[in-house]
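There are 2 protein chains.
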Amino acid sequence: MKIHDLWKHYPTLSKDLQKTLNLMEKSISISNQDVEDAIIEMISSGGKLLRPAYLILFSRFGKPDKKKITALAAAMESLHTATLVHDDIVDEAELRRSTPTLQHRFGKDVAVYAGDYLFVSSFKLLANYASSLKSIQYNAKSMDAILSGELGQMSKRYKTDVTVDDYLENISGKTAELFALSAFVGAYESDCSLLFSNKCKKIGHSIGMAFQIMDDILDYSQTSTTIGKPVLEDVKQGVYSLPLLYALQSNRSALLPLLNKRENMTDADAEKVYQIVQQEGAVDKAKKVAKDYTNNALAAIKTLEKVEPKTAKTLYDLTEYLLQRTQ
Amino acid sequence: MKIHDLWKHYPTLSKDLQKTLNLMEKSISISNQDVEDAIIEMISSGGKLLRPAYLILFSRFGKPDKKKITALAAAMESLHTATLVHDDIVDEAELRRSTPTLQHRFGKDVAVYAGDYLFVSSFKLLANYASSLKSIQYNAKSMDAILSGELGQMSKRYKTDVTVDDYLENISGKTAELFALSAFVGAYESDCSLLFSNKCKKIGHSIGMAFQIMDDILDYSQTSTTIGKPVLEDVKQGVYSLPLLYALQSNRSALLPLLNKRENMTDADAEKVYQIVQQEGAVDKAKKVAKDYTNNALAAIKTLEKVEPKTAKTLYDLTEYLLQRTQ
Chain A
75 MKIHDLWKHY PTLSKDLQKT LNLMEKSISI SNQDVEDAII EMISSGGKLL RPAYLILFSR
135 FGKPDKKKIT ALAAAMESLH TATLVHDDIV DEAELRRSTP TLQHRFGKDV AVYAGDYLFV
195 SSFKLLANYA SSLKSIQYNA KSMDAILSGE LGQMSKRYKT DVTVDDYLEN ISGKTAELFA
255 LSAFVGAYES DCSLLFSNKC KKIGHSIGMA FQIMDDILDY SQTSTTIGKP VLEDVKQGVY
315 SLPLLYALQS NRSALLPLLN KRENMTDADA EKVYQIVQQE GAVDKAKKVA KDYTNNALAA
375 IKTLEKVEPK TAKTLYDLTE YLLQRTQ
Chain B
75 MKIHDLWKHY PTLSKDLQKT LNLMEKSISI SNQDVEDAII EMISSGGKLL RPAYLILFSR
135 FGKPDKKKIT ALAAAMESLH TATLVHDDIV DEAELRRSTP TLQHRFGKDV AVYAGDYLFV
195 SSFKLLANYA SSLKSIQYNA KSMDAILSGE LGQMSKRYKT DVTVDDYLEN ISGKTAELFA
255 LSAFVGAYES DCSLLFSNKC KKIGHSIGMA FQIMDDILDY SQTSTTIGKP VLEDVKQGVY
315 SLPLLYALQS NRSALLPLLN KRENMTDADA EKVYQIVQQE GAVDKAKKVA KDYTNNALAA
375 IKTLEKVEPK TAKTLYDLTE YLLQRTQ
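Residue numbers (our numbering), protein chains in the order written: chain A, 75 to 401; chain B, 75 to 401.
Derived from the structure by calculation, the hints contain no laboratory data. Wrong hints could be hidden among the right ones.
For identical chains, the list gives no copy identity; a pair is met inside one copy or between any two copies.
Below 30 angstroms or equal to it, Euclidean Cα-Cα: the simulated BS3-like pairs (lysine-lysine) are [what the hints assert, rightly or not]:
id, residue 1, residue 2
1, K89, K182
2, K335, K182
3, K140, K82
4, K100, K233
5, K208, K140
6, K89, K310
7, K310, K182
8, K362, K387
9, K76, K93
10, K208, K93
With the sequences and hints as input, model every part of the structure.
Structure, rendered in structure tokens:
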């Protein structure tokens, strides 16, 4: 398995991430060939490994034990992958990373257990490599927050009264929490103080928030071929993200009749929604929010230069690069 | 919520189990009302709470911290319930404990997340109350074994060459492991030695094996109204348990044409399978295996009398009662 091209500019990190991916693969050993194949394919389908990358980078502010850090990084990515597999069941998604989803190819039964196995694999890596019960406790708390975010999003499906605050709360759980946890665990398990590790956690959280908002903005900026999934699929599924919420604030009357079609929204309707969001300048408003989170993260990273200048610089460059994809 | 009638003869245990159930309910707090309702309903639908009961009983061989033991007992039952919810998705099951399954009532999307939430709830209780990383590690290992059992069973669906050993290996994972873990965690987290706790684990494992075999035998001994699920539903789903495997050994030619109909097996076919299993004396053969596991467990429990006579007696009586349901 080969890691994402993104990392070719970061040679040492790239080496660590390759080890992480190899360990993830090695940790999958199941008597059921279908499920094993499905999981290996999912792992190797080119995820960006951002959570492991942040865990590894933040560990460098302390005294990282390489073997442990690789295992914990693999645990984060396994957990992330588990949530993707189960999300795709719930969303009835057909494509993920430009390839057919696991549930679409192998059926829901395989996908349920494949996700469960990835959860367990994550749990095993964590239990066997974390040095303290505290890390396990933080992890459990984060898993709770992640699931609450997913469930919050699900309960707001097709609700046109969902607020910007609802949205921010849901993405805080479903996305930012795992970035926050990765940053925290990397630092804390490398003997950084609780105070310092919590600072890292906060940076991770801001990065996660900005990342998710940028990801949601992509739906309104690119075509299906460049992002690997059908355009406005989320809207058809009743998941309304920040650009759409801002457009709803400024031109509710134009959008409501389209959104109220719910599952029956056609491609032409989706196209209209897309146009209205553009006209209302809602993408720029959303970008502004992402930029605020990005700037918060970058400013906080700057303050880490005195601790470990080289790591702080890598962290800064990577974060800037990732979060300014379309800015 | 009220606990199962089974416990009215065990007043102190009954009190502890009621607390366990209350804590399980209290641990469920989700922003999504559908999922919360679904989980609470599943928890309160009258499971026997056997795993918590064994955890609590085995804790009495040491110095149990009541609050911790209640939490760990709740963790075991939450984990068990999580596996039931996801199994019902995979099995497309319509009934569980005589009531419609969660996935049948609320849909697969709710059921996927409800199961995930129960996993997380179990993980949280464990992380917050276990005193040692070792317990967490054992738990992770058991979760791996449980899932491997489920997956092993799934990979053997509709396979008429599945052996008795395959069957025993799969139920060892999917059922016996959690009984073993409950016994182990109860003792180990109450300051029993690792040696003693491993002895408890072995007893729990034998109880779990006997319990699952007896449960599978019930399919061939009772009607749908008494066990709360349709007769031979497992066989129609391609899951072949011990009585059928013994019947396949002695009268393969009569069974193969019926089993090879797979999903298309009719109620009349299932009735024929039922009759053949009866004629071949396969139920008695399976009962003999269950009895061996039961006797192993009871003999080992006897040796615990010198440690804690009263607890050993309760354990003996309960186990004898549970495992001789149809013997």
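Hint-by-hint comparison with the structure:
1. With identical chains, the CA atoms of K89 and K182 are never at most 30 angstroms apart, being 35 angstroms at best within one copy and 40 angstroms at best between copies.
2. When the C-alpha separation of K335 and K182 is checked against a cutoff of 30 angstroms, the pair qualifies both within a copy, at 27 angstroms, and between copies, at 23 angstroms.
3. Taking the closest pair of Cα atoms, K140 and K82 come within 30 angstroms of each other only inside a single copy of the chain (20 angstroms); across copies the shortest separation is 54 angstroms, beyond that limit.
4. Proximity of K100 and K233 under a CA criterion of 30 angstroms is satisfied inter-copy only: 28 angstroms between copies versus 43 angstroms inside one chain copy.
5. Within a single copy, K208 and K140 get their C-alpha atoms as close as 20 angstroms, and across copies as close as 22 angstroms, so both meet the 30 angstroms cut-off.
6. For the homomeric pair K89 and K310, neither the shortest alpha-carbon distance inside one copy (40 angstroms) nor that between copies (50 angstroms) is at most 30 angstroms.
7. Both within a single protomer and between protomers do K310 and K182 lie at most 30 angstroms apart by alpha-carbon distance, with minima of 21 angstroms and 19 angstroms respectively.
8. Taking the shortest alpha-carbon separations for K362 and K387, only the intra-copy value of 24 angstroms comes in at or below 30 angstroms, while the best inter-copy value is 69 angstroms.
9. In the homo-oligomer, the alpha carbons of K76 and K93 lie at most 30 angstroms apart inside one protomer (10 angstroms), although the nearest pairing across protomers, at 51 angstroms, exceeds that limit.
10. With identical chains, the CA atoms of K208 and K93 are at most 30 angstroms apart both within one copy (25 angstroms) and between copies (26 angstroms).
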